[in-house]
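Participant: Assemble the complex: chain D is given as a structure, and chain U must be docked to it using the hints.
Residue numbers (this note's numbering), protein chains in the order written: chain D, 276 to 422; chain U, 379 to 1571.
Heads up, some of the hints might be wrong.
Across the chosen pairs, the derived CB separations fall in these ranges [to be verified]:
| id | chain 1 | residue 1 | chain 2 | residue 2 | range |
| --- | --- | --- | --- | --- | --- |
| 1 | U | P901 | D | W326 | 20 to 30 Å |
| 2 | U | Q786 | D | E305 | 22 to 32 Å |
| 3 | U | N765 | D | E305 | 21 to 31 Å |
| 4 | D | E305 | U | S1047 | 21 to 31 Å |
| 5 | U | H886 | D | W326 | 42 to 52 Å |
| 6 | D | W326 | U | Q786 | 43 to 53 Å |
| 7 | D | W326 | U | P420 | 57 to 67 Å |
| 8 | D | E305 | U | S458 | 27 to 37 Å |
Please keep in mind that the hints were generated in silico from the structure rather than gathered at the bench.
Note that the Cβ used here is the ideal one computed from N, Cα and C, for glycine as well.
Given next are the chains, with one letter for each unit.
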Amino acid sequence: MASTACFMIISKNDIPIYEAEVGTAPKKEEAAHQHQFILHAALDIVQDLAWTTSAMFLKAIDRFNDLVVSVYVTAAVHTRLMLLHDSRNDDGIKSFFQEVHELYIKASFTLLTVFVIILLNPLYLPGSRVTSSHFDTKVRALARRSE
Amino acid sequence: MEPDVSIETSSTIRIAVIPIGSIHLHLFRKYTSMLSNHHTIPLSSITSFYTEHQKSPFSQQPWDSGSLRFKFIVGGSPLSPWEDFQSSRKVHAVIGICHCPSSPDLDAVVEEFGGLCKGYSSAVVKRCFAFAPGDTQLADGNSQGNNLVLFPPADQRTQEIHMQTMMQDIAASLLMEFEKWVLQAESGGTILKTPLDSQASLSSEEVIKAKKRRLGRAQKTIGDYCLLAGSPVDANAHYSTALELARLTGDYFWYAGALEGGVCALLMDKAVQKDPVIEEEVKYRYNSVIVHYRKSFTQDNAQRVSPLSFELEATLKLARFLCRRELAKEVAELLTAAADGAKSLIDASDRLILYVEIARLYGTLGYHRKAAFFSRQVAQLYLQQENSLAAISAMQVLALTTKAYRVQSRASIPKHAISNDTGPSVADGGKMHHHLVVSLFESQWSTLQMVVLKEILLSAVRAGDPLAAWSAAARLLRSYYPLITPSGQNGLASALNNAAERLPSGTHCADPALPFVRLHSFPLHPSQMDIIKRSPGREDWWAGSAPSGPFIYTPFSKGDSVDNSKQELVWVVGEPVQVLVELANPCGFDLLVNSIYLSVHSGNFDAFPISVTLPPNSSKVISLSGIPTEVGPVNIPGCLVHCFGVITEHLFKDVENLLLGAAQGLVISDPFRCCGSGKLKTTIVPNITVVPSLPLLVSHIVGGDGAVILYEGEIRDLWISVANAGTVPVEQAHISLSGKNQDSVISIGYEALKSALPLKPGAEVTIPVTLKAWQLGLMDLDNIASKSTSGNAIRPMKDASSPMLMIHYAGPADNHEELPESVSVMPPGRRLVTPLNVCVFQGLSFVKARLLSMEIPAHVGEISDSAHNNSADNTTDPSKHTDRLVKIDPYRGSWGLRFLELELSNPTDVVFEVGVSVQLENGTIEDNTSEFDYPKTRIDRDYTARVLIPLEHFKLPVLDGSFLVTNSQSNGNGGKTVNFSEKNKKAELNASIKNLISKIKVRWVSGRNSSGELHIKDATQAALQTSVMDVLLPDPLTFSFRLVKDQVGEVDKKHSSNGSGIEGNYFPSKGPVLAHDMTPMEVLVRNNTKDSITISLSITCRDVAGENCTEGSNSAVLWSGALSGMKVDVPPLEEIKHSFCLYFLVPGEYTLLAAAVIDDPNEILRARARSSSPDEPVFCRGPPYHVRVNGTL
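So here's chain U without its partners, still in its complex pose:
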């Protein structure tokens, strides 16, 4: 069988083209390619070379439209035994190609050519083309006769014209030779034989038969020559005769041959092939051809020779003629029939040719899978030959099938196709539609793919092509590792290594092997290096430009930018960056990645390679780093990996698609999941831009960056040292706070930073910060508790709860002499986040806070001058000072002395000393340190102690209605206002409590350098909630008793005009009260309200047993004056005095009590007294006063 047969094959003249002398392959190719322009020589062009020696047998030759067709058989071909049967199989001419400079001796050339021509017995025209001859050779060559044609060096065009002329000459010569042959054949005497004719015993019968047949065969052969000579009409005439004769003699083989020639003649004559009538005719005739070839099959010589190959050739010729999409079904049937013949073919190379042709035709038809199937059959036939040349062929043929089997090497896919693949996904922002993903994995027929790749690997190894072997093994391993046993995987790994050994180091391969590399994440800049876009023209340029909180997504920034699909990332020239990638080795061997680094196509990035070893079935997240070198965008499509001795590029997109496919169930396995790595949401490669150098502040806390350990409420100063580690000065800086517990930062030395600007590279500035440790929440405490019970060291959380100091800073606004484009764009600023790592330990803790009220009976006596007027006595000595603060004046009594008792426990390991100070409201402005310190209370470790905080100083001097009036007024109104006013009241109440609490400070000291303040707000608030009115509001009436020695001072008594004093300039007796003596006393009643109050005052005296001494039959105390039922009017904010005398009969302790029933009390009073009904009398009672009565001596 012959390759590339078609119906027209019968009409082409074969010319062998052979190299003569020593000639370089590429020169030989170059010269032969010049021939390829001359496949068809029009008859009209050869008339000048043609001389009609005799009457031409080709009487119908179309001189004006016909042509001769050449087929150049480069390298020559062996003789075919079927030359007699089909004249087109003969080599009619030989062209030698010689390169003169490399074969100087032209005689030798001519001789060699002559020798080679002897191999082509049928060749009638022989020419040797000698290219590029030297001068001497030119002179010499002209004497060499007609066979040697010299092509003197000349320009391309001249050479082409020369070549054309020569070819026309050859065509004319051939034509004349054909005429000669036909004339000779017509005169008889030519014996035409085929291998089919039995050569053994020729019986007489067969001899006669053969003689009869001879004529028909001669006619058929003449017809063949007519076709070669380009005269279809003549050919047809001869074929008709031949058909008649062959049919008569039953020479089916030659009949079929003549029929075939006839079809060729028909097509040559009617140049229109697409005419359906002609097509039908061709189909009909060729079917007949096939039938007759089949008929000519004889059993007796079937072992030796068979006409099958002609039948198959005829089938292929018809198939090629019909090969169009519309006729696919017919063609496929023909080709299937042809393929059926393969197993009956005796010669293996015939089968090869058959499969090649079938594959080609299927390919033309668009049946790529069919084509691939037969190509693979071809490759298998090649592989059976067990030699390296056949292996190379097999490899090449298999490479053709890879597209149909979807196992192409990336190298064979044109670049633009790849970029098209990535196109839609980029536009989609990385989201691929389902059908797109599916289309990527279409026709993934793993069984076939593996077989094909294995065969490619085998053939490549055999052919000695290490790169192809590497590529095939890489594809096999990467795509089908789940289907390969561990030992098979090992085998592939060693195949990769073996192939790499034969490759020069640094070889690139387009197909990645292992590991699988996917993008894990782009770590954001560490918070110390955050880059913030500067909004030009704003003082606070950082505001709104970037998420300033811990959240990447903020709902408000979402709407701002149009293109949110891609994250923006900014890198700075010269500052190293990291990209996290995840590697997976799903195979059963240790994978050594010699080096892996980011593949950057934009060329402005220096990537640092690292080396990784991946154990079997493992995945690893590694960080790949590099340094941006130039301003501009950076594009990172993947990684370059040097593994198994070859450098490959692993694109993130491929793995992404693979994982998508795995998620859809289209791919066998997800390499990352089978390595135990979790599902990762696909990371989109952000748009990365590199900006010019920026300043870089680094901070550390003076004294160590470790967490500052503070007890709750502890106050500590910190110094933060900030240095510019960049190459650009810092010109603007602004400090702010973020994170939790911001209020724990009491002060920041902003000025220190401000004054240091601009901060030159390398310069440093220290910023003081004052911290106050916050109080641990309940949860924190629980955590601590659970941690301590589990035996771990107590490690309070420093993570999320610490506040962060943020410094927004920026370099110069217009960046010196940069590229003009960057002038318009303001270089971004930066943000330095310094977490103030504070570890708060549980310090003193509250157990309980409660309000204590007590009444200490006072002695009736004189009133110290300054008992009440605190503001007047700041100069008194400290001891007295303290006494007064405690506010227990034994001679004055105390109305409603109240303490806030804080019970504190100390769960820590250190001793605390607690001091209470109260800030006084009535301190004057210049005297704002009017605080009172109580003695310190020491609380040992693991002990509980109580601290008392007197609340006396908070009493308002006047019982004002502001708290109460609203309440009582609202009583008469509708419910709604009640609610409102109650709310109002509550708010006011809370405010006043807050106000109250804020004045109390509980400070503690522990050790030498820990000091702080307790957070008592919550505790005290709860304690005070109910009784705040009692604390804050004075009683409407206050009572006190005193002894009056004589009435001298009374005249001098004057009322204090300032309203605050109860003081009077009288001279109270200092002596003891004696029994049996008239003791003049007076009760002082002060009205603390703004309205005058009418009261009915009564005084009682009780003895130690509590018996009323002034009433009853045997009273121990006699009295004069009025003791009960005295109606008195007390003017607002003033004091009245009621005098009486007591006569004690028995010495001892007596208690005097003053009480008053307020007549017609107003709302304020009623509210204060918490009386429920308006009719209830409002009763006021003073504190008890003790009177010690001494006996008379």
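For reference, chain D alone in the conformation it holds in the complex:
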């Protein structure tokens, strides 16, 4: 993926239920916080946008500085898979985006499959935190593959 990236799942109550720093850049706590702040703020945009489009994948709906927010809004439970990624890329933003887009959609769908599996877990209470380590490894593996 990108050198800086933060992947989060936000429940329909706007509570984060999963978060992962999936970028390749060395992780800093401060930065991670900032990423979450950006994603949190982007929820305002998502909230409006989600009602205006039938698309589930909302590409680059928000940005702050170099960080771009893309969102996958799940239809059924209105859970949002949010990805914060930096748009700076040597190969040029456009080609990068096309690539990331493709990968991201793929990833999103796969993620969605995983997500649905979680939801179908009878022990999972909708809206509560995702603590499955299986899910975590899967997300990180997908993030690595799309690098």
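Facilitator: Frame of chain D; chain U shown alone:
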């Protein structure tokens, strides 16, 4: 960059407002606030002050509809290098504010004002407003010239009119100055420069270029002045010219400026802003403005100055113009673009302003999270400045973000919002729906929340605001302790303590810190103090009003009251009450709660504070007490806690919601569970009402309240002392029993209590109670056994099995001179429950009970007069008495003598003496003590002994059919009736057994003062079950022998008419029976039935070896008369006599037996004989009689 820019900014005239002389801040604010009403001065209102000196350059000025707009810059502002570019940035006027009483010297004021005005070179109108001048100052001030304006003290309205006039004057002056400036500029000669223009080497080419540009810039500036003068049409004309010129010269920066002015003019002219056509136009033009500002960026002076801020301002202006919900997307795009520019801004304060503006616009748009995000950016910029003023700003800005991040201080939430929150749950009776709970925890983004709170804490510490710091640290610790390391928790605790040190003691904070406090329970009144609602007009006022049993819920009371959702609780004025709360400290440090007490908003309760220390990760249930002081409802929403140096209110509802959230997985952790405290069902705060003082009875058992230790069956008297400890007399009282083993209370001295009423406060009465210890059940015995094997001391259960004495009592029905409302309501009564703590030890225990029957051969002889008639001989001496009770009369024989043998063992440590007494049925009424005591049996410890209870006295005198007839009659009928009658029979049988057993009393005595009675019912019942008929029913025929000396007495023989006696007045021989002598004998046969019986009687005589002596070849006994096959009729309940003679050949022991075969027996007889078939002969046999035959001497 400038804050608060909008498209209209270009048309507002800036006026600096500065304080002159020494003036108090609040006065300065007060005076400047008077200015704020005069932002807009209509042109029509200033005509009187306006004089047209020359031909006005503003030819199109709308005198009737136009206006001048002012912007007051309080405190003044520094010069902007961009004043030439945008004339609206100039400070065109200066207003000084002076408070005369504090600056008496007006000359000095004028001088100071003059000095300050020099800083505003562009200011063309200067006025100093002097408020509240004294008389001398008034006189003096009028000579000070035009600049000093005195506002004589007057009422508000007058002052306002005065102010308005002055402002109109200023407006007119400004207008005239603008005209002057424009005329001058048109005549040429004004050089307009911006920092953008390179000041270094001006090549000749550039000089020429600059000259060309000068004209366009002048036109643009004139346009600006036209806008300020409120003449958009004029402005537009000049801007058009300027645009042309700027485009020709490639002066993009000024082109953009002129374009921007043009938009402002457009909007001023067309006051309708919401016209979509105009909106499109504005959007189009402003996009062009932005593009041109961007175009004007040149690389060579990029380090020094950049037009970027104008581009951003233009973006913000457009965004502000469009800022509506419908256009949110466009605005958001604009703002995102503006935010992108931030990093290219050179000046940090520009970035600050940019973020502030973006945050404001997002806020207006309703994007609170976006607004919060940029606010936080602002706060971070402030925090980078490292000074306390910036820290205060940061703190304030962060406080704005708390709502979006859901970390608000409770102080910032308006009161009514809180009450709304609690509203639905109250209506629901405490049950909140899932979605309501979820909504409480919406947007709980802990990472962000913690960061924000940490930043607030940091900025508050830096800003020196201890309360804000305390509040932030409290919120952080309370909400996010699971995410904070123990050292971090310690750090927060010390932050709390540090903040508290700077606060005055007794400071309240709206945000609670630790501990978590939840309601544990409202202990019901101790059973000694139960309050019972009185149902008026009923004798038994306590009945049905309150649960009287040990169960709080009874299915019958459920339907009665409509509002069952809330428990009702009654407290009494002046009587201390307790509420149990549970505290939890989930953090890793020792938590010292300096004081905690109930928070009562109704004001009629005195709460007692207590101090608690909670070790790390612990929870504790504590009892908070207090005294209700006034009649009325009590409302307890939470606790007041003094902890970490600050007083906070901890609401139960908050914790309840938190726990609900934790249960839903919405909150990180349940503070109580992580402290190891179990799940507790939520306790609803009951409706508590305080009632006026009631009487209060306290009881104790005389001789100590400890358990009374009794052996099974022991009877003991107790005295219960009851005293009125209240302040109201007891007027009614009623005693009843409840609990288990109620029948162990034999008697209660109810009269003692009754006679003591009314029981005055302090008075005491003693009630006697007689107890009889019950028998231990099997389970109890098992318990004892297991306890004793485990080595513990034997502690019989006193808990649940003891009976309880309940005294329902009440004070006077109408409570003296109380409030009128309480007169209608009867004051409740009370219930005193005194458990009669009885420890029952295992006493004598049954091993076995069985029925023994025996036949003791009797000697043939005379019959004592009173052998059978017990009722006749109560006066005989005791020894004989006893003999008779044993009922072995050697001369009479005994038919079916039966004993109930009880085998008793004594597992105790003491010696028991057991005595049996039998209550006789045929005792006369006045003689109801007709009991017979058998000698006492002593049973030593660990020994077993047997007690015999003769059952003879229970035989019925008559063989009645009542038991048996039903049985035999039913034989012929259908099976159903058989069952029925059998049941019937069984019941009757049981009843008779019970009756029988109840007459037998086994009393015991142990030591000096223990005595009691054995419970033998169950044991004897089992023993008697099978043979009760034998015990109860007499044989149909009874036989006896006697010797007859001569036949003298026979004539005098008479039959007893009472039917009970077999007695006769004959004279039986007393001498021994001799061998070789004719021995006349007679056999007596008595019919015990009510029917006459025909029998065939036969008599046999056997020797010691059991050989029949009267038959056979070498019989030892000769006889005369009939010995066998005698057909006799025995009349009902009478006796017949059959005489015969025996001649004994050999001396020795002989046994005489009488037997009879009943001819044609009726059903009763057959049933008695238990014959199976109707054809079987019924055979009756008498007891054996011994005859000792002496040899002849």
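Participant: What are the numbers of the hints the structure violates, in ascending order?
Facilitator: Numbers 1, 6, 7 - these are the hints that the structure violates, sorted from lowest upward.
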